[in-house]
Amino acid sequence: MVALGERKRRRRRDSRTPYLLIAPAVLAMLAFLVYPVASVVYYSLQHRQLSKPWLDGFAGLDNFTRMLTADPLFWQSLAFTAKWVFVEVALQFVLGLALALIVNETFVGRAVARALVFSPWAVSGVLTTGIWVLLYNPTTGLSRYLADLGLMDYGAAPLADPGTVFSAAVLAELWRGVPFFAILLLADLQGVPKDLYEAASVDGAGRARRFLHITLPHLRDTIILATLLRAVWEFNNVDLLYTLTGGGPAHQTTTLPLYVAATAAQSHDFGYGSALTMAGFVILTFFSILYLRLGRWGVNR
Amino acid sequence: MSTTEMAPVAPAAPPPAPPVRKARKPRWEIYLPLGLYLLFTLVPFYWMVVFAVRPRGSSSLVPWPISLENFETVWTGMGFGVFFQNSFLVGVASLVATTAIALPGGYALARFRFRGRRVFLVSLLCSQFIPGAMMLIPLFEIFRTLGLVNSLSSLVIAETVFQLPLSLVLISGFIASIPVELEEAAQADGCTRLRAFFAVVLPLLRPGLVAVGSFAFIHSWNNFLFALMFVSDQDKFTVPVGLAFTLGEFSVDFGALAAGGVVAALPVVLVFAVVQRYLVQGLSAGAVKG
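Line by line, the protein sequences give chains A and B. With the UniProt record's numbering applied, the first sequence corresponds to residues 1 to 301, in that order. With the UniProt record's numbering applied, the second sequence corresponds to residues 1 to 290, in that order.
Derived by calculation from the structure, the hints in this document are not laboratory data. Treat the hints with care, since some could be wrong.
Unchecked claim - Using C-beta positions, here's what the derived DEER-type ranges look like:
(1) 189/B with 201/A: 29 to 39 angstroms
(2) 20/A with 27/B: 33 to 43 angstroms
(3) 146/B with 145/A: 49 to 59 angstroms
(4) 180/B with 286/A: 46 to 56 angstroms
(5) 181/B with 205/A: 15 to 25 angstroms
Unchecked claim - Just so you have them, the derived chain A footprint on chain B, three or more residues with Cβ under 8 angstroms:
(6) 51-57
(7) 61-70
(8) 208-222
Note that the Cβ used here is the ideal one computed from N, Cα and C, for glycine as well.
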């Protein structure tokens, strides 16, 4: 009897314990993630300009009508976002996978090589900008020294030229983004059972077949996760583009989040900015659903 | 760190079937692409460092003699000393807050099966899909209501909340990889659950905490957008905002920009060099696989 009561008390305490333990996290996220998301919905239906408070009030769908029918910049930024995300993620995936496969091999100096190759990942977008502004500068940049060696023409200014600004930004972001893919894939590569490869070699499978039939299937979930996370982060990339190109020239490199930030920061138009944000949420919801479907997340937990 | 990992390469071949052929041959199919990639990685860093340490007016690519005048300019003249202090404060505060909230939460996720756990896990994942830029407007309004606009605490709160989901998942992954039997043994020996946690789990969790803490620190050190939007006084700028300010100057002082870049990069690169091993470990501890 006593033992039973003791057990019961213990079970009851145990059933409350996990909730107490996650309570701080839940509260913090409710207050500063969930509530803000909800308030974006509210603001998007309001006229709300910090600089013109007398216009405040219910707007109905005004903000959305303006966004969808009267704002070419919205569509332009959406198109550029798609292009930016696709190019960055595709290139980062290919290079990141190659890099992970290389540093997963055994060779002299591997630990140092890993630390060096991954280091740009730790660096911020603004710092990346700073570094590449130095490199791209026509008078003191890398191109000048290459021109001194006869390898290039003088006077190339990749960031000022509308024809090259996109590639220049892509390259700078690749420098920082490839290591992320490589780290995630490397972590997963280390879990591939070695005897699978040995068995396959015994059966006469070559390098390419082992890669296709063992490595790639094993990496499947990580590839999906990394691709989607990276897509979201490139979608969300504000610091690099904001400081490298400022969204220019002529809004050519303005992504949707950059446009939101500009709307909030420069015109202080929180109502319209929230409508733009809603557009972003719709797109990101699509990514989340895709991931929950493909990644079977939570099933084996 | 590197020497301990490098040393075993040659002699570590396990006694049965030593892969002699693989270890001895210079492996060009590895060194060539790796070398090219290293060039791509390191030339930009080198470029920044050279610009930072060479004397003004010099255009030599071998910076000798080394001059620290650019650092003096940015550290005292442009206020990077203050920015550094601000960034450091925000970084450490969000590191502490993130770990303090994520540690019990991660423990609950790893060790208890409770109603709502799946929902919580999935919402953690979904919150990864909320971009910071999309949260600028509502967060700004919240901080305005709380009177926290233009204060470093707004940055700490925003950083912490954005770091929480990933930290929770990582920590619970680490705890799940520690055998529960160890705790049960301690409890059988008369420890309370709490004491078992402190005596058994926490010491084993150290690499995991290092990984999570450094993640949080690096992220908050690097974050630009929140610092740009929520803080307007120059004496409350963080390093990335100071750097962006330097970039935005009408005529860029390249020496100062490079020196500011070194100041911004040094802490994260140091932290990263020390913890990158734990990082890969931590990610393979099942955190990513879910």
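Taking the hints in turn, this is what the structure says about them:
1. 189/B with 201/A: 29 to 39 angstroms: 48 angstroms, violated
2. 20/A with 27/B: 33 to 43 angstroms: 54 angstroms, violated
3. 146/B with 145/A: 49 to 59 angstroms: With a Cβ separation near 51 angstroms, residue 146/B and residue 145/A satisfy 49 to 59 angstroms, so the hint holds.
4. 180/B with 286/A: 46 to 56 angstroms: With Cβ atoms ~38 angstroms apart, the hint is violated.
5. 181/B with 205/A: 15 to 25 angstroms: 39 angstroms, violated
6. 51-57: violated (count 1)
7. 61-70: Violated - the stretch 61-70 of chain B has 1 residues with a Cβ nearer than 8 angstroms to chain A, which falls short of three.
8. 208-222: With 3 residues in contact (Cβ-Cβ under 8 angstroms with chain A), the coverage given for the stretch 208-222 of chain B holds.
Going down the numbered hints, you'll see the structure goes against 1, 2, 4, 5, 6, 7, while the others check out.
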